[in-house]
Amino acid sequence: MRNWVLRGVKKGRVTTRFPYGEPESVSPWSTRPVRTGEGDVTCPADAIEDGEVRMDRCISCGRCSGPFSPEGKIDISVIGRVEKRFRKSFTVFVIDTGSCGACNLEVKTLSNPIYDAHRLGINFTSTPRHADALLVVGTLAEGMKEPLMRAYEAMPEPKLVMAAGTCAISGGILGEGVSGLLKADVLIPGCPPTPFTILDALVKAKGGP
Amino acid sequence: MDDSLSAVFTIEGEMLCVKGHQSTRLIPCTLQEVSAHENSLFLTGKADTRERPDLFRFNLGPVSGGLLESVRMDVYTDGERMAHISPDVLFKNRQPAMKSSEAPAALLKAERINGAYSAAFSTAFCMAAEEIGGIEPPHEVKLARILMTEVERIANHIHVIAKLTEGASQNVAAQHLFALEERTRRIASEHFGHRYFFGVNGIGALERGLDTRSLAPKVEGVAHEFASIWEDLTSSRLFLDRLQTTCRADYEWMVGPAVRAADFRYDSRLSGYLPYSDLSFEVATDDTGDVLSRALVRQKEIEISSILVDEVCHSMKGAARGSSEKVRGRGWAVKRVETPGGDMLMLLGLADSIVTDFDIRSASAANLLAFVQSATSGILTDFTFGWESFGFWISELGGYS
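Just so you know, the sequences run in chain order S and U.
Under this note's numbering, the first residue of the first sequence is numbered 1, with each subsequent residue one higher.
Under this note's numbering, the first residue of the second sequence is numbered 1, with each subsequent residue one higher.
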């Protein structure tokens, strides 16, 4: 027991200053690629339109590197609705409708001491009955359509739907997104979106830190 | 839902029958393939339809707290003893369309079959495509693949042990380990441009230039901190008691840390698909086959992987960016790669760079039956430890179109 206390004291603060400060780590190719040079690019996800990258389709593969470079900004989410009633306490139910597992890991990461989403009033629940928001990860697999709708219907009002990751938003290169069944209020792009990007979106959706 | 997990791999006698679009071939079959084949109907939850009125059934999932992915488990209990477990893994089966894709595009899909093991999956895909196209990748590319797969192994092994620690309610230790996992992901991001190695591997090349100069000391730092946490963790009798003798599995047909924890020296890295023989690679084993043994094997492998990363970094200064080569010719290849969960077999068929056949036998497919058989001798609260100790990923169980 004493060892754990000493270890904690020796390590000092590991928790990020974000959202009150800048993110300490940015995964370059998980941010928006922007054109910085000449040359043609064939995007395997058809995410480039009129010289700009559509983040709802971008799979963070970096195949556009050369003419394009990562912008390095984590605030790439689309916040379609803000629910200020959740500002002090925001409870999120995560549902995997067909992911590769990377988005699941990034969401799980938010509970570790480095991100510590709980300090911002964000908590994760294992039942939709206690949830303010439904966070969908993965493509929409046929077998998960019914569990997804049952989870959504079990949630109390008001409720937000958030699609995290390119698979959930548009299906990416692997299938169809969640939009076939539910309209997502918040889109969190990236393949997978980094923990900072997810945290940024969660904080904005609840009306601030 | 499709009931079949594998349309391509079947067992005929003692041979693995691989039915490709272009031809059918029989290759020598390992115990692991037999196991995965026998599992394939069982995994869908449809093999076992017996009524059990004398047992109490817990329905877990497909969406349930504690499980990271969507999976359904029907756990039949007699008192507190688990009498039978019937899993159904196909709820989130995505059936990604691999066939008719160009090889470089299919590579991006392959590395997204299991995001946690993407370096291993993309390495298997690239090696298969290179064999078909007669492409010999530069030595630096092979070394970079070792770097990626070993850093990936470290991150995943820390994750598994963190989940076991969390299950044992050693919450302070668990949070130290989850923070360490995050540190490893950040190292991957800094040196490979992506936390999960997406988009790095290419056919005959690397799609992204690598700077490996400061990688080794950072990975060594992670291994060192892990060793220190592990030392404190294993001084807790509470933790050891929870893991020891729990879910003992000593089946030779398992793969990965699970089979090595049962004292079988089976590791596909020994086959030399990458130049491991030039490095001081050794196979970590333990002899009890319980949850603690599987954790001990992972603990040893974190140290071994750190040494491998150090040796590779000293023999390469970096790797230049290239781009995937066009695969000419037709044919198919079967490649075996050691993912963090165990060895994975991938079949790839190409005709002038277009995918004609694709299938995998994943580590999770080979090991799931071992979990069920080992857990049914235990009590309900052993479930978490058994499940997490095998390091299952449901995403790598499923079919492909």
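Worth flagging that the hints you see were computed from the coordinates, not collected in a lab.
Ideal Cβ positions, reconstructed from N, Cα and C, are used throughout, including at glycine.
Check each hint, because a few of them may be wrong.
What the hints assert, rightly or not - With the Cβ distance kept under 8 Å, some of the chain U side facing chain S (calculated, not the full set):
1. G66
2. S189
3. Q244
Unchecked claim - Just some of the chain S residues that point at chain U, by a computed CB distance under 10 Å:
4. Y20
5. S30
6. G62
7. G98
8. C100
9. N104
As the list claims (entries may be wrong) - The calculated EDC-like cross-link candidates involving lysine to aspartate or glutamate, where the alpha carbons are at most 20 Å apart (straight line), are:
10. S/K73 - U/E140
11. S/K108 - U/E166
12. S/K88 - S/D46
13. U/K317 - U/E231
14. U/K99 - U/D88
15. U/K300 - U/D310
16. U/K317 - U/E140
17. S/K183 - S/E24
18. U/K99 - S/D56
19. U/K142 - U/E231
20. S/K204 - S/D116
21. S/K84 - S/E22
22. S/K73 - S/E22
23. S/K159 - S/E146
24. U/K326 - S/D185
25. U/K99 - S/D185
26. U/K218 - S/E24
27. S/K11 - U/D310
28. S/K10 - U/E225
29. S/K159 - S/D185
30. U/K326 - U/E311
31. U/K142 - U/D232
32. S/K204 - S/D185
33. U/K218 - U/E131
34. U/K300 - U/E325
35. S/K11 - U/E231
36. S/K10 - U/E311
37. U/K218 - U/D263
38. S/K11 - U/D278
39. S/K11 - U/D263
40. S/K145 - U/E131
A quick look at each hint next to the structure:
1. Against a cut-off of 8 Å between C-beta atoms, the interface hint on U/G66 holds, since the closest Cβ of chain S lies about 7 Å away.
2. A least Cβ separation of about 4 Å between U/S189 and chain S falls short of the 8 Å threshold, and the interface hint therefore holds.
3. The restraint placing U/Q244 at the interface with chain S is violated, with a minimum CB-CB distance near 21 Å, outside the 8 Å limit.
4. With a cut of 10 Å, the hint placing S/Y20 at the interface with chain U is violated, because the nearest CB-to-CB distance is about 19 Å.
5. The interface hint given for S/S30 holds, since its Cβ lies 7 Å from the closest Cβ of chain U, which is under the 10 Å cut-off.
6. Residue-level restraint check for S/G62 holds (minimum Cβ-Cβ distance to chain U is 4 Å; threshold 10 Å).
7. Because the smallest distance between the Cβ of S/G98 and any Cβ of chain U comes to about 5 Å, under 10 Å, the interface hint for this residue holds.
8. Interface hint at S/C100: satisfied, since its Cβ lies 4 Å from the closest Cβ of chain U, which is below the 10 Å cut-off.
9. The interface hint given for S/N104 holds, since its Cβ lies 5 Å from the closest Cβ of chain U, which is under the 10 Å cut-off.
10. For a cut-off of 20 Å, the pair hint linking S/K73 to U/E140 is broken: about 31 Å separates their Cα positions.
11. Between S/K108 and U/E166 the CA atoms are separated by roughly 13 Å; this keeps the pair inside 20 Å, and the hint holds.
12. Taking the CA atoms of S/K88 and S/D46, the gap is near 40 Å; set against the 20 Å cutoff, the hint is violated.
13. For the suggested pair U/K317 and U/E231, the alpha carbons sit about 34 Å apart, so the restraint of at most 20 Å is broken.
14. Proposed proximity of U/K99 and U/D88 is contradicted: the alpha carbons are some 26 Å apart, above 20 Å.
15. This hinted pair checks out: U/K300 and U/D310 have alpha carbons roughly 16 Å apart, not beyond 20 Å.
16. For the hint linking U/K317 to U/E140, the alpha-carbon distance of about 9 Å falls within 20 Å, and the restraint holds.
17. For a cut-off of 20 Å, the pair hint linking S/K183 to S/E24 is broken: about 33 Å separates their Cα positions.
18. At most 20 Å may separate the alpha-carbon atoms for a hinted pair to count; U/K99 and S/D56 exceed this at roughly 24 Å.
19. For the proposed pair U/K142 and U/E231, the alpha carbon gap of about 34 Å is over 20 Å, so the pair is violated.
20. At most 20 Å may separate the alpha-carbon atoms for a hinted pair to count; S/K204 and S/D116 meet this at roughly 16 Å.
21. This hinted pair does not check out: S/K84 and S/E22 have alpha carbons roughly 23 Å apart, beyond 20 Å.
22. Annotation: proposed proximity of S/K73 to S/E22 holds, straight-line Cα distance about 10 Å (limit 20 Å).
23. This hinted pair checks out: S/K159 and S/E146 have alpha carbons roughly 18 Å apart, not beyond 20 Å.
24. Under the criterion of a C-alpha separation no larger than 20 Å, the hint pairing U/K326 with S/D185 is inconsistent with the structure, at around 42 Å.
25. For the given pair, U/K99 sits about 34 Å from S/D185 by alpha-carbon distance, which is inconsistent with the 20 Å threshold.
26. Simply put, U/K218 and S/E24 have alpha-carbon atoms about 17 Å apart, close enough for the 20 Å limit, and the pair holds.
27. Our distance criterion of 20 Å between C-alpha atoms is broken by S/K11 and U/D310, whose separation comes to about 25 Å.
28. Among the hinted pairs, S/K10 with U/E225 is consistent with the structure: their alpha-carbon atoms are about 13 Å apart, no more than 20 Å.
29. For the hint linking S/K159 to S/D185, the alpha-carbon distance of about 10 Å falls within 20 Å, and the restraint holds.
30. With a CA separation close to 32 Å, the supplied pair U/K326 and U/E311 exceeds the 20 Å bound.
31. The hinted pair formed by U/K142 and U/D232 fails the criterion: a straight-line CA distance of about 37 Å is larger than 20 Å.
32. About 12 Å separates the Cα atoms of S/K204 and S/D185, which keeps this hinted pair within 20 Å; it holds.
33. For the proposed pair U/K218 and U/E131, the alpha carbon gap of about 34 Å is over 20 Å, so the pair is violated.
34. Between the alpha carbons of U/K300 and U/E325 the distance comes to roughly 37 Å, so the proposed pair goes past 20 Å and is violated.
35. Distance check on the hinted pair: S/K11 and U/E231 sit about 17 Å apart at the alpha-carbon level, within 20 Å; holds.
36. Between the alpha carbons of S/K10 and U/E311 the distance comes to roughly 30 Å, so the proposed pair goes past 20 Å and is violated.
37. Annotation: proposed proximity of U/K218 to U/D263 is violated, straight-line Cα distance about 31 Å (limit 20 Å).
38. Simply put, S/K11 and U/D278 have alpha-carbon atoms about 37 Å apart, too far for the 20 Å limit, and the pair is violated.
39. With a CA separation close to 37 Å, the supplied pair S/K11 and U/D263 exceeds the 20 Å bound.
40. Using a Cα cut-off of 20 Å, the hinted pair S/K145 and U/E131 is violated, with the two alpha carbons roughly 40 Å apart.
In summary, the numbered hints that this structure violates are 3, 4, 10, 12, 13, 14, 17, 18, 19, 21, 24, 25, 27, 30, 31, 33, 34, 36, 37, 38, 39 and 40.
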